[in-house]
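J.: Sequence:
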Amino acid sequence: MAKRATSKKTKAAAKPRKSFKQRVIRAALKVMLVIVGILLAFILLFAVINPPTTPYMFSESRRLGGVDHQWVPLEDIAPVMARSVVAAEDANFCNHWGFDLPAIKKAIAEGSNRGASTLSQQTVKNVYLWHGRTWVRKALEAAITPLVEAIWSKRRIVEVYLNVAEFSEGVFGVDAAAHYYFGVTPANLSPTQAARIAAILPSPKTRSASNPGSYTKKRTARIRDGAATISKDGRAACFES
Numbered sequence: 008m009a010k011r012a013t014s015k016k017t018k019a020a021a022k023p024r025k026s027f028k029q030r031v032i033r034a035a036l037k038v039m040l041v042i043v044g045i046l047l048a049f050i051l052l053f054a055v056i057n058p059p060t061t062p063y064m065f066s067e068s069r070r071l072g073g074v075d076h077q078w079v080p081l082e083d084i085a086p087v088m089a090r091s092v093v094a095a096e097d098a099n100f101c102n103h104w105g106f107d108l109p110a111i112k113k114a115i116a117e118g119s120n121r122g123a124s125t126l127s128q129q130t131v132k133n134v135y136l137w138h139g140r141t142w143v144r145k146a147l148e149a150a151i152t153p154l155v156e157a158i159w160s161k162r163r164i165v166e167v168y169l170n171v172a173e174f175s176e177g178v179f180g181v182d183a184a185a186h187y188y189f190g191v192t193p194a195n196l197s198p199t200q201a202a203r204i205a206a207i208l209p210s211p212k213t214r215s216a217s218n219p220g221s222y223t224k225k226r227t228a229r230i231r232d233g234a235a236t237i238s239k240d241g242r243a244a245c246f247e248s
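Using this note's numbering, the letters of the sequence shown correspond one by one to residues 8 to 248.
If you are wondering where the hints come from, they were derived from the structure by calculation, not from laboratory data. Given the structure is predicted, the values throughout are model-derived calculations rather than measurements. One or more of the hints may lead you astray.
[Claimed, not checked] Pair ranges (Cβ atoms, derived):
id, residue 1, residue 2, range
1, Arg33, Ser217, 36 to 44 Å
2, Glu82, Asp240, 20 to 28 Å
3, Ser217, Ser68, 35 to 43 Å
4, Leu154, Gly72, 20 to 28 Å
5, Thr236, Leu40, 42 to 50 Å
6, Lys212, Leu40, 21 to 29 Å
7, Ala35, Ser217, 47 to 55 Å
8, His138, Val41, 24 to 32 Å
9, Tyr222, Arg33, 15 to 23 Å
10, Ala228, Ile42, 21 to 29 Å
11, Ala228, Asn102, 21 to 29 Å
12, Pro153, Ser217, 47 to 55 Å
13, Ala54, Ser217, 29 to 37 Å
Virtual Cβ for every residue (Gly too), placed ideally from N, Cα, C.
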């Protein structure tokens, strides 16, 4: 008669239980996958649906008791406004995939990050993240930007940026800015008005488009020339087609 297997052999054949460290790592990976999935869903969603608000807009609305914001499609915005903001913030917007490497190298060499952040990065920050210069936010921004560039069109990035950027305290989007500063619709902005609105970036709370100081006036002239230049040399084609 065959002998029964001993309990010792049965225990040896049983699968070893996962260690606490392995369970934690597995749980963390699951959480990360869920977060990535949710993020991808929102990137896909906002490629076709307009973001109703942003984290910063929401916080400012709570602080101020409301904000001035009205979404307007890109076709209802004067083309010179889009060209002006690109000329002001990211002249090579049509030529990169989210990061302007020459601008980053120049900024590092000069010991400053001013001018290194692209329009795509700023849009990601405004729509999905929070303001501030922490390494965590910058890392998330760097991770999300290529996804937005891959899924959204360049035209969509410009459209979203123009509709969520802050142009004064409690004034968000180019529609609110056009009415606030000049009493016109964004479709009726002149080249100078568009350049002035772009010139107050990235410090809209300390500069005025309707009552510009000497710095803003000089920057306005440069932006107006830059907007005309990128129109002529083709660097506006990706968001005007």
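J.: Could you run down the list of hints and mark each one as holding or not?
T.: Now for the hints, and whether the structure bears them out:
Roughly 57 Å separates the CB atoms of Arg33 and Ser217, a value that falls outside the hinted 36 to 44 Å. Checked against the hint of 20 to 28 Å, the C-beta distance between Glu82 and Asp240 comes to roughly 23 Å, which is consistent with it. Between Ser217 and Ser68 the beta carbon distance is about 23 Å. The supplied range of 35 to 43 Å is therefore violated. Between Leu154 and Gly72 the CB atoms are about 35 Å apart, so this pair departs from the stated range of 20 to 28 Å.
Roughly 45 Å separates the CB atoms of Thr236 and Leu40, a value that falls within the hinted 42 to 50 Å. One distance hint, 21 to 29 Å for the beta-carbon pair Lys212 and Leu40, is violated here, with the actual separation near 39 Å. The hint said 47 to 55 Å for the Cβ distance between Ala35 and Ser217, and at roughly 51 Å that hint holds. Restraint check, His138 to Val41: a C-beta distance of roughly 25 Å satisfies the suggested window 24 to 32 Å.
Taking 15 to 23 Å as the suggested C-beta distance range, the pair Tyr222 and Arg33 does not conform, at roughly 55 Å. As the Cβ distance of Ala228 to Ile42 is approximately 45 Å, the hint placing it in 21 to 29 Å is violated. Distance hint check for Ala228 and Asn102: the Cβ-Cβ separation is about 24 Å, which falls inside the suggested range of 21 to 29 Å. At about 37 Å, the beta-carbon gap between Pro153 and Ser217 misses the expected band of 47 to 55 Å.
Taken as a hint, the range 29 to 37 Å holds for the pair Ala54 and Ser217, whose Cβ atoms sit roughly 34 Å apart.
Of the numbered hints stated above, those contradicted by the structure are hints 1, 3, 4, 6, 9, 10 and 12, listed in ascending order.
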